[in-house]
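Taking the UniProt record's numbering, the leading residue of the sequence shown gets 1, the next gets one more, and so forth.
By construction, these hints were calculated from the structure, which means they are not laboratory data.
Keep in mind it's a predicted model, so treat the numbers as computed, not measured.
Virtual Cβ for every residue (Gly too), placed ideally from N, Cα, C.
One thing to keep in mind: the hints can contain errors.
[What the hints assert, rightly or not] Here are the simulated SDA-like cross-link-like pairs (lysine to any residue), alpha carbons at most 20 Å apart as the crow flies: (1) K29 with F44; (2) K71 with I82; (3) K71 with T58; (4) K29 with V13; (5) K29 with H39.
[Stated by the list, open to error] If you anchor each label on the Cβ, the simulated ranges turn out as follows: (6) Q59 with Y108: 42 to 48 Å; (7) P161 with M99: 48 to 54 Å; (8) L175 with Y96: 31 to 37 Å; (9) E139 with A20: 15 to 21 Å; (10) Y97 with I157: 44 to 50 Å; (11) Y37 with V182: 50 to 56 Å; (12) E139 with P60: 53 to 59 Å; (13) F88 with G152: 37 to 43 Å; (14) M109 with E139: 28 to 34 Å; (15) T102 with E179: 28 to 34 Å; (16) E179 with H5: 17 to 23 Å; (17) Y37 with G152: 18 to 24 Å.
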Amino acid sequence: MLWLHIIQYSGFVLAQVSNATLVWLILTKAEKLFGTYRHVMCTFAVYSLVYAWVEVLTQPEIIFRPELLVKIEGFKLIYIFIPCLICFVLWFEFVYYGMANTVEKQIYMREELENYYEEDSTRVAFIAPMYWSIRSDGEKEWIIGDVIGSIGCVCIITLLPFLMMYSPVGLLITLPVFEVYVASLANIVPATLAIYPSLEPLIAMVCIKEFRRTITCKFKMRRTEM
Numbered sequence: 001m002l003w004l005h006i007i008q009y010s011g012f013v014l015a016q017v018s019n020a021t022l023v024w025l026i027l028t029k030a031e032k033l034f035g036t037y038r039h040v041m042c043t044f045a046v047y048s049l050v051y052a053w054v055e056v057l058t059q060p061e062i063i064f065r066p067e068l069l070v071k072i073e074g075f076k077l078i079y080i081f082i083p084c085l086i087c088f089v090l091w092f093e094f095v096y097y098g099m100a101n102t103v104e105k106q107i108y109m110r111e112e113l114e115n116y117y118e119e120d121s122t123r124v125a126f127i128a129p130m131y132w133s134i135r136s137d138g139e140k141e142w143i144i145g146d147v148i149g150s151i152g153c154v155c156i157i158t159l160l161p162f163l164m165m166y167s168p169v170g171l172l173i174t175l176p177v178f179e180v181y182v183a184s185l186a187n188i189v190p191a192t193l194a195i196y197p198s199l200e201p202l203i204a205m206v207c208i209k210e211f212r213r214t215i216t217c218k219f220k221m222r223r224t225e226m
């Protein structure tokens, strides 16, 4: 399908540009903003670059054959959910044991909070919303705008993979069960999966103020030079 290959090639090029830009922003601008968390951000951006290469090299096409549904009728339908159950069990084990609230972590967090914020972690919450800060003159400086921006960023981060990845794949698996004819519309799934890696870095570049300022300043400098 020509339209599908065009989308896959376009998504690959855009993914390389957007993720490479995000990696550059993380390496040059994120040290003071996120500290060591920038390594996690950079790792995910590199994963997106690799994913885009895999996508364009394989260029998957979905050929739907309703007659094969006979092989998963009745009790055999549970085979579809086995990979999901395996992923869930692995995720649960990693979170439950890897992110457990251990004494070592409590001690580490207590030292960090005492050194940087002069707070006792046994008396204050580890994670809490911050709606205002105190200026040097003792007055409150409300940061509701930043809070609303953070909520919007989280909503976009949640909705984008839901619309571009989970929903198309879920519909592709669910609709044939209810005898809905999918046919060539099934190739919407590889199309959205090809576009997704190019859109994900845009969330960080738009929602993070320092990244947004850097990009807009670069464009303004180029315009003035022209």
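query: Quick one: are L175 and Y96 within 31 to 37 Å, going by C-beta?
result: At 34 Å between Cβs, range holds.
Distance restraint between K71 and I82, which requires alpha-carbon spacing of 20 Å or less: holds (15 Å)
message: Between the beta carbons of T102 and E179, is the distance compatible with 28 to 34 Å?
response: violated (51 Å)
- prompt: Can the suggested window of 44 to 50 Å be confirmed for the beta-carbon pair Y97 and I157?
  reply: violated (26 Å)
message: Quick check: does the Cβ-Cβ distance between E139 and A20 fall within 15 to 21 Å?
response: violated (43 Å)
Verdict for P161, M99 (Cβ pair) under range 48 to 54 Å: violated (21 Å)
Given pair status - H39, K29, alpha carbons within 20 Å: holds (12 Å)
message: Can you tell me whether the CB distance of F88 to G152 sits inside 37 to 43 Å?
response: Violated: the Cβ-Cβ distance is about 29 Å, outside 37 to 43 Å.
message: Is 42 to 48 Å respected by the C-beta to C-beta distance linking Q59 and Y108?
response: holds (46 Å)
message: For a C-alpha distance cap of 20 Å, please report whether K29 and V13 respect it.
response: Violated: K29 and V13 sit about 24 Å apart, past 20 Å.
- prompt: Do the beta carbons of Y37 and V182 sit within 50 to 56 Å of each other?
  reply: Since the Cβ atoms of Y37 and V182 sit about 41 Å apart, the hinted range of 50 to 56 Å is violated.
- prompt: That 17 to 23 Å hint for E179 and H5 (C-beta), does it hold up?
  reply: violated (30 Å)
Hint check: violations occur at hints 3, 4, 7, 9, 10, 11, 13, 15, 16; the rest are consistent with the structure.
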